[in-house]
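Protein chains in written order, with our numbering: chain U, 1 to 255; chain B, 1001 to 1431; chain E, 2001 to 2328.
Keep in mind that the hints were calculated from the coordinates and are not lab data. For each residue, glycine too, the CB sits at the ideal point set by N, CA and C. Mixed in with the good hints, there may be bad ones.
[Said to hold, decoys possible] Coverage of chain U stretches by chain E, computed from C-beta distances (three or more under 8 Å per stretch; other residues unrestricted):
1) 49 to 59
2) 84 to 96
3) 152 to 160
4) 201 to 210
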Amino acid sequence: MSQPKMNRRDFLKITAVGVTALAGAQVIRRAEASEPTPSGGRQWAMVTDQSLCNGCGYCVMACRAHNDIPPEITWNPVLEAGQVGDKKIYLPRPCMQCSQAPCVDVCPVKASYYRLDGIVMMNYDRCIGCRYCEVACPYGARAFNWKAFTEQNPAVPEWGQPEVARRPRGVVEKCAFCYQRIDRGLALGMTPGVDPDATPACVVVCPVGARFFGDLNDLGSTVSKLLKARTSYRLRADMGTGPRVYYLSATEENA
Amino acid sequence: MKIRLKLSKLSPWLAWLIGLGVVIAAGVGAGLIVFWKGLSVTNLTDLIPWGLWITIDLSSIAVSAGAFSLCAAVYLLGLKRYQPVARTATFIGLIGYTMALLTLILDIGRPDRFWHAIVYWNKHSLLWEVTMCVTLYLAVLVLESMPIFAQFEWLKTRWPKLAEKMSHVHHYAPYLAVVGLGLSMLHQSSLGAVYGVLKARPFWYRPDISVLFIISAVAGGMSLTVFASMLSARLTRRASVDDSLLEGVAYFIGWTLVLYLYFRFWDALSMTYTYQPGRTEGLQLLTQGPLSFNFWVGEILLGIVIPMVLLLYRPTRTSQLWRMIALILVVGGVVAYRWDTNISGLMIVLSYLPGEPIVGYTHYFPSLIEVFSGAGVVAYGLLTFSLGVRYLKVVDHRAMEAHVEEKELAEHATAASTILNVKRENVKRNA
Amino acid sequence: MSKLERLIIAIMFAMLAAGITLVVAQAQTPQPPQPTNSITGDSCVACHKDIYDTWQSGAHGQSLTDPVFAESWNAQGKPGACLVCHATGYDPATGESEAEGVVCTGCHSPIPPNHPTDNMPIDASPDLCGRCHSDPRFATENWKLSAHYQRSMTCSVCHDPHSAGMKSVAGAINTSADASDLCANCHKGVMQNFPTSKHAEANVTCVNCHLGFNVGTTDVTDFVSAHKAPDHSFMATLDTCNKCHVNQMHAPGESVAAAAIAIEESGGTPTPLPTPVATPTPLVTNQPVPVSPFGFAGLAGLLGLVGGMVLSPWLERLYRHLNKNGGE
Chain U
1 MSQPKMNRRD
11 FLKITAVGVT
21 ALAGAQVIRR
31 AEASEPTPSG
41 GRQWAMVTDQ
51 SLCNGCGYCV
61 MACRAHNDIP
71 PEITWNPVLE
81 AGQVGDKKIY
91 LPRPCMQCSQ
101 APCVDVCPVK
111 ASYYRLDGIV
121 MMNYDRCIGC
131 RYCEVACPYG
141 ARAFNWKAFT
151 EQNPAVPEWG
161 QPEVARRPRG
171 VVEKCAFCYQ
181 RIDRGLALGM
191 TPGVDPDATP
201 ACVVVCPVGA
211 RFFGDLNDLG
221 STVSKLLKAR
231 TSYRLRADMG
241 TGPRVYYLSA
251 TEENA
Chain B
1001 MKIRLKLSKL
1011 SPWLAWLIGL
1021 GVVIAAGVGA
1031 GLIVFWKGLS
1041 VTNLTDLIPW
1051 GLWITIDLSS
1061 IAVSAGAFSL
1071 CAAVYLLGLK
1081 RYQPVARTAT
1091 FIGLIGYTMA
1101 LLTLILDIGR
1111 PDRFWHAIVY
1121 WNKHSLLWEV
1131 TMCVTLYLAV
1141 LVLESMPIFA
1151 QFEWLKTRWP
1161 KLAEKMSHVH
1171 HYAPYLAVVG
1181 LGLSMLHQSS
1191 LGAVYGVLKA
1201 RPFWYRPDIS
1211 VLFIISAVAG
1221 GMSLTVFASM
1231 LSARLTRRAS
1241 VDDSLLEGVA
1251 YFIGWTLVLY
1261 LYFRFWDALS
1271 MTYTYQPGRT
1281 EGLQLLTQGP
1291 LSFNFWVGEI
1301 LLGIVIPMVL
1311 LLYRPTRTSQ
1321 LWRMIALILV
1331 VGGVVAYRWD
1341 TNISGLMIVL
1351 SYLPGEPIVG
1361 YTHYFPSLIE
1371 VFSGAGVVAY
1381 GLLTFSLGVR
1391 YLKVVDHRAM
1401 EAHVEEKELA
1411 EHATAASTIL
1421 NVKRENVKRN
1431 A
Chain E
2001 MSKLERLIIA
2011 IMFAMLAAGI
2021 TLVVAQAQTP
2031 QPPQPTNSIT
2041 GDSCVACHKD
2051 IYDTWQSGAH
2061 GQSLTDPVFA
2071 ESWNAQGKPG
2081 ACLVCHATGY
2091 DPATGESEAE
2101 GVVCTGCHSP
2111 IPPNHPTDNM
2121 PIDASPDLCG
2131 RCHSDPRFAT
2141 ENWKLSAHYQ
2151 RSMTCSVCHD
2161 PHSAGMKSVA
2171 GAINTSADAS
2181 DLCANCHKGV
2191 MQNFPTSKHA
2201 EANVTCVNCH
2211 LGFNVGTTDV
2221 TDFVSAHKAP
2231 DHSFMATLDT
2241 CNKCHVNQMH
2251 APGESVAAAA
2261 IAIEESGGTP
2271 TPLPTPVATP
2281 TPLVTNQPVP
2291 VSPFGFAGLA
2301 GLLGLVGGMV
2311 LSPWLERLYR
2321 HLNKNGGE
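Start from the sequences and build out the full structure, keeping to the hints where you can.
Below, the structure is given as structure tokens:
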């Protein structure tokens, strides 16, 4: 075997420089890991008025029916969130559709991705079921299909009819702002948030009208006007996830 | 009467193989149940989606780290005499990474889609990076192990040309070592960063967790290599070791443990200052709660402090028994560290409702199916290593690679001739 | 055979193979339902079997075939006036109806030409239901007095329009056999105190006071005979109280008011202690689930065993040393 032209010291030097460069490139790439959602066009947002929500759970049933969700999983649970005076306050929690979503950052196969209108979509054909997104979500909004859902959905047809395919065993699923209704409604010329057929099922079914949906980029939409007129908050906004679900607090006056 | 005769004919080797075979069979059975029925047969939940299998996966990759560190020492730092130890470590690395892949196949929800990570990239995802690096590094390990397989007698007689070609791969060992070093440093620390970048889990969200993972991996990997070598040498004459080499590695492991303890100390201490919801509770779980035995006894006392003392104190380092005890304790500590890290972060359930986050706790204990399939994977590792020792001379410090010996001789010859020339010069001058 | 001939035969074989594959593949691909212009009530079931099944077993589906109705209708000589509601599209001039009973097109019409691309129309307001349920004997007039109507709620908030029954919410808090479950589901605030009241002890539920059902019966036939419907104004008036307390109205010392005052003075209605229910360990607890001391003891014991085995030669030496010294 012929002796290599360079000696070991030079070889090590070059390697060290190379590895450092590689590491440096990684650091730079990581720094831009969380690009915010490409904006423009529409930006969907959901607003829930907690002074009206009475915890009836109709939204849970409608969501279950329209998205064919098994009874063990809830995309949009209604949680108890304290009390104002002697009235209990409730908080329905869909997926926050974060603009800086931890789940999109960590998915190894990019099965979670941003849509231009702000919805964080799931590609159920690509998901390998590693559950990293489930671990990463600060809101616990994701659910893994531990088993296949083969039975009749108890919420159908009383609360609606399935509009999307059932997910198979072994993938993680979550709320997607009923994108199927939004897309179909837009194609038919309807306005999501105004026309019920183009609006997420949970918003439509609410019997007390506590939920609103619309385009934040449209200053005349209900959600824009509500957020301008009333104080709102988002969950764990301190974490920098940029959620798109807003809550209008219940106060002593309006509870 | 007949049964007694059969038992007396059972050699220890055969009994070992049969024992491992039984465990592997149970593991295969459990694995098939998992593929058939899905992950609902485990005790994993949406709150704790990662459990025993991920711990085994992380631990396998960690204890395979001896391969990259020893190969880097041999080929990049010029410590040629450790080459036989590096050889053992490479083989252990190969086994370890296959164990990790087996466990991962079990653990992901869609095993049929395991190839997605290779085809669909998300460069921002640390888990993607780990998958890619593990896959590439497995290829590196396969190449680095080819000279080992080339020693297989049956291969040498059946396909001598192939065996020779495989043996020649050793010429590229330095380049493979460089690539292996780079890949390993990336993914060993990325495995820690998989936990460390999650802002949703305050107990994990720190930058030093990747450093802890790689240091513990180096310590654990080398420890397993030396321990396995020593154990094989005690149990069979097919394995022979040069104790001075192993003592040298053990000394290095001792100092690695010092570094590891230093980092762990500051890592834990820094978390005690100021209450942060989620993080403080995590530390409490670890130091005073259900994980306290694992942490104080398993990780710190038995995993770091006692082995560190044993390996740095010459009388115990030179003693076979004490050295082996210290090394196996290090490996145990590394496994305990990964279990504790994984479970402590997931046990804490932070509420996201408005106001101060309320901390709740959940619990997890592996189900029988998880235990059996995990044990099956570990038994597979033990089996492959045992077969390697018996048939592939994996632990054999007599058989340094041919060309490395040439090189050593050549270097000695060059040194010798230089000295000779200088002496001649002196003689000429003096004459 | 020349090369050209061979090529031509090869191409013919290739096209044959491709053609067969294509035909087989087309046969496998399920054709999506084509939009059709002639959707009638019968063709809905092809895609909406679920809804069809619930509809068929409910009151809407059996509006013409229900035995009680059929008997009465036949006895009266099949008057057309009934068919205005009990059939779809009844034309009094011709005496013909589009369909028997209340079918899909009774509420979902006109059918758009390219359904399913376009949705079926539906008017969710009480006006649609009111087309039949607007008889003064029925609910709609009273409904307009209720707070529910004032808050723009529709009939389908409580009623499933297809099965013509009540909606059911999974996990509704009460387990009463009547519709009070549904009331309690939204009116959680009220239901906090009601279960411990005297009324609840007497098995009075929401529908008894607020809809006028008789206590102890849940039979909807309380009302259906003679087309009566419960009072959907949900207002409990003096008449409601009088259904049970008429004798106590002005009876000295026994009036409802006196009874209430007596209870108040004696310390209030005792709140019964909640019945302890065996709950499994919830998934999320306030404190971490501790390891049992036996677990720790076992682990420590194992370690002690190993340590003892390792240290035994030295311990033996120490023992002999001590004995030697002690012996001297």
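Results for each hint:
no.	hint	result
1	49 to 59	holds (count 5)
2	84 to 96	holds (count 3)
3	152 to 160	holds (count 6)
4	201 to 210	holds (count 3)
Every hint from the earlier list agrees with this structure, and none is contradicted.
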